[in-house]
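*Asks:* Now for the letters of each chain:
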Amino acid sequence: MIKVLKSGFYTTIQDKGRVGFASLGVPVSGAMDSYSSGLTNHILNNSLDCAFLEITLGGCKLQFLSKTTICISGGDFSPKINNQSILLNSKISIKENDILSFGKVNFGVRCYLAVKGGILTDIKLGSRSLFKNITSNFILKSGDYLSISNLKIDLETSRTLVKVNKNHFESKVIECFKGPELEALDIHQQKILFETEFSISKDINRMGYKLNEILENYIPSILTSAVLPGTVQLTPSGKLIVLMRDCPVTGGYPRVLHVSEESINRLSQKTTGDKFQFVLQ
Amino acid sequence: MELLLGNIHTYKPFGAKAILIEWKAIIEEAILKDILEFKDKINSQKSESYIDYSIGYNSLTIIFKDIILDFNKEVEKLQSIYTLNSTIKPVQNFLWEIPVCYDLEFGIDLEEMSQSLNLEILEIIKTHSESIYTVFFIGFLPGFLYLGGLNSQLFFDRKPNPRLNVELGSVGIGGEQTGVYPVNSAGGWNIIGRTPINFFDLELSNPCFAKAGDQIKFSVITKKEFSELEILVSKKSYQLFKTIIND
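As you go down the protein sequences, you meet chains D and A in turn. Oh and the first sequence: position 131 is 130 in numbering that gives the first Met the number 0, straight run, nothing missing. Oh and the second sequence: position 120 is 119 in numbering that gives the first Met the number 0, straight run, nothing missing.
Derived by calculation from the structure, the hints in this document are not laboratory data. Values in this document were obtained by computation on a predicted structure and should not be read as measured data. Just so it is clear, CB atoms sit at the ideal spot from N, CA and C, and this is done for glycine as well. The reader is advised that the hints may include incorrect statements.
Straight-line Cα separation of at most 25 Å, DSS-like style, residue types lysine-lysine; simulated pairs [to be verified]: (1) K209(D) <-> K76(A); (2) K235(A) <-> K177(D); (3) K158(A) <-> K123(D); (4) K131(D) <-> K72(A); (5) K238(D) <-> K158(A); (6) K177(D) <-> K45(A); (7) K88(A) <-> K11(A); (8) K123(D) <-> K72(A); (9) K45(A) <-> K131(D); (10) K171(D) <-> K235(A); (11) K165(D) <-> K131(D).
Each pair of labels, with its calculated beta carbon distance range [as the list claims (entries may be wrong)]: (12) E215(D) <-> E119(A): 22 to 28 Å; (13) L86(D) <-> I66(A): 31 to 37 Å; (14) P235(D) <-> S151(A): 33 to 39 Å; (15) S236(D) <-> F70(A): 55 to 61 Å; (16) A24(A) <-> L64(D): 55 to 61 Å.
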């Protein structure tokens, strides 16, 4: 069991997401940065279906009520066990009543905490990912208790550190495909789309990232059609929205680009004010 | 003889793992019928390559398990599925009767609409509850039905400033569409009434009773009936009235 002493800025339970329910209007959800979440499960030798915590910019404090082994990957928010710094991307043995906390944000926006065997909260429509009106809560709250797998054998804390490509956090390149409505833009507008350095606005969450710059928009709305995580919509005001993991299943704004899976992960580690450029794959 | 209009469609890549199939950009039941038949044929293949699908007014998006390496080859496969002779038993569709209370306490935008449209409130209610609506697809929120068939007399623009919270069960009009908010949500539609019916219930094996191709009719209930039905619905002892649509 894990006791949530402090829930932090925005901490959720995620896994690979809810696949197969788009026709009911149910979003996919799942880890914003599936590269980092996959890495943490991989290091613990977990099944890639195991659920984990997605912790946004730290701030949370957790107490482990039973012994286990954990791993944290993704953003570096100076994680500590009982006030002693621990390594990212490495197996950490946890004793009963150990307390995990975070400190200074060094890089990235989201980190992933996996425990051996995974977090065992209720499965709704094939997934443990928190989502409003699907799961009972949509974020962790202080005082929550989370079931975890009981560890039968002690796993050793490993000293081997997995090297993570820094490019994942630093690259300003967001790779994308042409969206279904890209050709509705004239050549000049398309040129601007790929030449502009875009910056991320304050309006960001797990559903989407709104960008600050304006692309003059003459193209009309479309009849409501599918959108997917990675779809870049052009709104009537000329602002772009990059849809992320919790996005609705349909939308009516033109879909000018589609961000690659790898670049959705990359964008998930960026926040308000960060800059990037769209590059066609 | 099928309408040709309903059959013409094109294929586009949609990211690395999806193909977007589009019909002419109009809201038309012949197109919906073609989309649903195609979707049923694809489902009947029980292929592991396709993990999900999403329907729009004039589109069907097929989501693949793996990255699509050869787009043209996958399109050919889909085209051959499309041209299969339909031996599949069509999915049974229903007409659902949804009780709605149009009392001003719930229909908070009825007065404004009445003034702007120059229509008596009773006339709005009568017009809205007389029509039979077709469910084109579910999107936006879990259990949110996109309905076609709103009487053009009731077309009314969305609110310039969306409300931060629209109560679940609210029945609204947004432009040329009408629908029911399945959960509490922000929303810009004009609210004309409320239903006690739950449009998304995870405790049921099928969380949303309606599906694309079904029909909806709203029936007028009083506030007293609303309160009674609300209790029955919360006890899960209310059975929605439905009739089979004969094709």
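*Asks:* Against this structure, judge whether each hint is valid.
*Replies:* Structure-based check of each hint:
Under the criterion of a C-alpha separation no larger than 25 Å, the hint pairing K209(D) with K76(A) is inconsistent with the structure, at around 37 Å. Restraint check: the Cα-Cα separation between K235(A) and K177(D) comes to about 47 Å, which exceeds 25 Å; the hinted pair is violated. As the CA atoms of K158(A) and K123(D) are separated by approximately 34 Å, the hinted pair breaks the 25 Å bound. About 39 Å separates the Cα atoms of K131(D) and K72(A), which puts this hinted pair outside 25 Å; it is violated.
Only pairs whose Cα atoms come within 25 Å are accepted, and K238(D) paired with K158(A) is accepted, the gap being roughly 20 Å. Between K177(D) and K45(A) the CA atoms are separated by roughly 30 Å; this puts the pair beyond 25 Å, and the hint is violated. Pair hint K88(A) plus K11(A) does not hold up; C-alpha atoms about 29 Å apart against a cutoff of 25 Å. Between K123(D) and K72(A) the alpha-carbon distance is near 35 Å, which puts this suggested pair outside the 25 Å criterion.
Restraint check for K45(A) and K131(D): not satisfied, since their Cα atoms lie roughly 31 Å apart, outside the 25 Å limit. For the suggested pair K171(D) and K235(A), the alpha carbons sit about 53 Å apart, so the restraint of at most 25 Å is broken. Taken as a hint, the K165(D) and K131(D) pair is broken in the structure, with Cα atoms around 33 Å apart against an allowance of 25 Å. About 44 Å separates the C-beta atoms of E215(D) and E119(A), a value inconsistent with the hinted range of 22 to 28 Å.
Taking 31 to 37 Å as the suggested C-beta distance range, the pair L86(D) and I66(A) conforms, at roughly 33 Å. Against the hinted window of 33 to 39 Å, the Cβ-Cβ separation of P235(D) and S151(A) comes to about 23 Å, which falls outside the hint. The hinted range of 55 to 61 Å is not satisfied by S236(D) and F70(A), whose Cβ atoms lie roughly 33 Å apart. A hinted range of 55 to 61 Å holds for the C-beta pair A24(A) and L64(D), which are about 57 Å apart.
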